[in-house]
Amino acid sequence: MPEYQKHEHDVLVIGAGGAGLRAAIEAAHSGASVGLICKSLLGKAHTVMAEGGVAAALANVDDRDNWRVHFADTMRGGQYLNNWRMAELHAKEAPDRVRELEAWGAVFDRTPDGRILQRNFGGHKYPRLAHVGDRTGLEMIRTLQDYAVYQPIDVHMECTIVSLLKDENRIAGALGYDRERGRFKLFAAKSVVLATGGIGRAFSVTSNSWEYTGDGHALAYNAGAALQDMEFVQFHPTGMVWPPSVRGILVTEGVRGEGGILVNRDGRRFMFDDIPENYRNQTADNEEEGWRYTQGDKNARRPPELLTRDHVARAIMKEVREGRGSPHGGVFLDISWIKSKLSNAEDHIKKKLPSMYHQFKQLADIDITSEPMEVGPTTHYVMGGVRVDGDTQMSTVPGLFAAGEVGAGLHGANRLGGNSLSDLLVFGKRAGQYAAEFAGRQSSPRVDSQQADEFARAALEPFDREDGENPYKVEHDLQTMMQDLVGIVRKESEIRRALEALKILRQRAQKVSVSGNREYNPGWHTALDLQSLLTVSEIVARAALERKESRGGHFRDDFPDKDPAYGKFNIVIRKGQSGEMQVTREPIPEMRPDLKQIIEENK
Amino acid sequence: MAVQPQTFASSIVASGQRAAARTDTSAGTTTRTASFEVWRGSGPSGRLETYTTNVSEGMVVLDAIHQIQSESATDLAVRWNCKAGKCGSCSAEINGIPRLMCMTRLSELDLSKPVAVEPMRAFPLVRDLVTDVSSNFRAKMRIRKFTPRPPDAPDGTWRMQQSDADRVQEFRKCIECFLCQDVCHVLRDHQLHEQFVGPRLLVHAAQLEMHPLDVLDRTTDLKESHGIGYCNITKCCTKVCPEHITITDNAIIPLKERVADQYYDPLGKLVRLMRGKKAVRPENERTKPGGAR
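If you read the sequences in order, they're chains F and B. Residues 0 to 602 in numbering that gives the first Met the number 0 are what the first sequence spells out, letter by letter. Residues 0 to 292 in numbering that gives the first Met the number 0 are what the second sequence spells out, letter by letter.
Calculated from the structure, these hints are not laboratory results. Everything numeric in this text was worked out from a predicted model, so none of it was measured. If a hint is listed, it holds; no wrong ones were tucked in.
Below are the DSSO-like pairs computed for lysine-lysine, each with C-alpha atoms no more than 30 Å apart in a straight line: (1) K238(B) x K351(F); (2) K490(F) x K574(F); (3) K144(B) x K351(F); (4) K255(B) x K222(B).
Working from the sequences, and respecting the hints, build out all of it.
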């Protein structure tokens, strides 16, 4: 019989990035006893890497901005597959959530009259991103962390959850292990909030850290919850491409927001060549107008570099595939050119983009104030995730909530930059609030230790096998395969090959063995993370197969156009009775007339 | 001045090609082997073990460690997350110098002899390159939390100038890698973790004390419970900070001056005596010196 350290909480929050911290704070404010699980140390979660800013219609820089415009921008960016209720709540509540951070100690960059400064970003009509240079995520997570530690929250650092536990249909808790000693931890909880982030480690070129193995997606799926929109993976247009060891590391969209331009090997600013119809009215048709926009001219329209990420990423891929890329298979991103416009350009760049300056200087020997960067698409974010109720964030499993990247709905087919940090705050708070409320109505759940025993035994199997395969090797092969076959450009034959490959990878994963003991053993952790990776990879592939059109983050070479028929439903995946993956199309509810009108007014 | 698109863009490309070509010479795809002496084990049985692996010169130390992990030491314990110098997880001592593994390029190191990669020595060892840094999290709890003045505007918001924000934004760049704690002799050699919060937490205290909105006065705490007197300004912390925060000059010395003003300035003491105020006033009774403009 495995031994457990036992913990009991009203609300268990799994994940301690922006969404998890905000949920835990809110649940604690509601009077619930709260457990907060971090896969890493507190304050190291992926939110720390967010650079550009948090989107909220504060209207500090352009007073024409308001929640209606933000709502319309979010829906247009998501190609109208969004959960419109979430898009509405998000646009309405984001300003309060940002101001709240200031009350908790965040120090955003300022406008001349001393208010929170906002910057331009792709797909946002007005300057909307509150920011701190290019380290906004660090400011956010540190503010939330430093606030949360003074709340009655039990923090379980370096703890990974391997399974959710249920009592009949409702959630009952979770089983995990601590990294340091490898001991199992059994959590009983009346409600559980998933805030585990994304799935980027399923691909080889990624801006995501080791943690991003789709744990929450897999936990929810295995607990019977429905997932949606999993075909929509965001490939951020600008990741580093050289040297090889830094390939995939993010280059913030803020570079383009500050006036950075994309150029191919022939010196052509190719983004002007293909401007989508639904953005034509809002996009500059000459370079001078684009520059004026980045400098705050309210009468200018945005440069095409600030079109949505899906579009920019595909445009870059097109240049590379057609032989017009940079020496290492990307394109050039140049901010140094603004020297011809600003006398203090060098200082300006260092002040506005300090971590980009250091990142390139230190990792690639490039001085971005005098040379262009080489950039290309990198796996960045998954729009899809756990299907939730827009108001409460509860999944289809009673007592199981999801917020942040692991949740789905807000972003539809493509997420706008800056909408992720605001998503974390708005829906983190909502999930925490409703999870606490739910817990308040429940008696203590019954935790079935037999369920836990099975998972615990299975988790230890890699130690018992000898001469099994190396888990890192299996992980590497999975990432390469997904990148090649279910990456930025997809087609049916390749997705089918991916599904076949996944069968074999699953068999290999069942046979991995690990050396050493249970104390802080990354080989063992990788073997366990593999299970989540395999599950989410298959879900992504099946959803991608089902959507026979191109829209947002999902591009099908064999169906390169958008099909209006596919704009009427979300693709939903859940686990069937006999363990098979069920793929269904679920119609998007009719939008409220007042919201429809807002969209019309902002066309 | 209007930009001439084609000529201008051509110069960008030329410059980009030059940059790429130059990087090529220092970061070629050709590989060579290099040796690493990596600390393995926990407790007294710990020792340096030598691993040899293929490297190319664009690589950082963390890449080499990962490669060793996947090739020959699957259970090699190491913390990391962002691999971009933003999260502060992969702190270690590389050839004896506290650094982030993800930001230390192999091309900066002498690869003709083995590169020593060891855990931070100021903290208790967990295993291999992983240490128990929980003392830092506990120390933060001893610093009284951010406490803002009432909002400036009816809508519940504040006004502050960028020039005032600048001062604390320097401190708020901290990624909590704890390299400054590792190199601090008070913590490293004397292990006074309970008496002295260390440079990281003094930077934290400084951002609170100099925060344009914060109204608490932590001077007494700094002297009495945070042990600021232990710091004798050797500036080792500033030297290792990967975020280039001027820890000693901008954070610690101004805090020391506040303590000195309050406790050791005879003239100030006299003034306070004549005004009939206690040397140590209850919180919230005044704004701190120089703060809250």
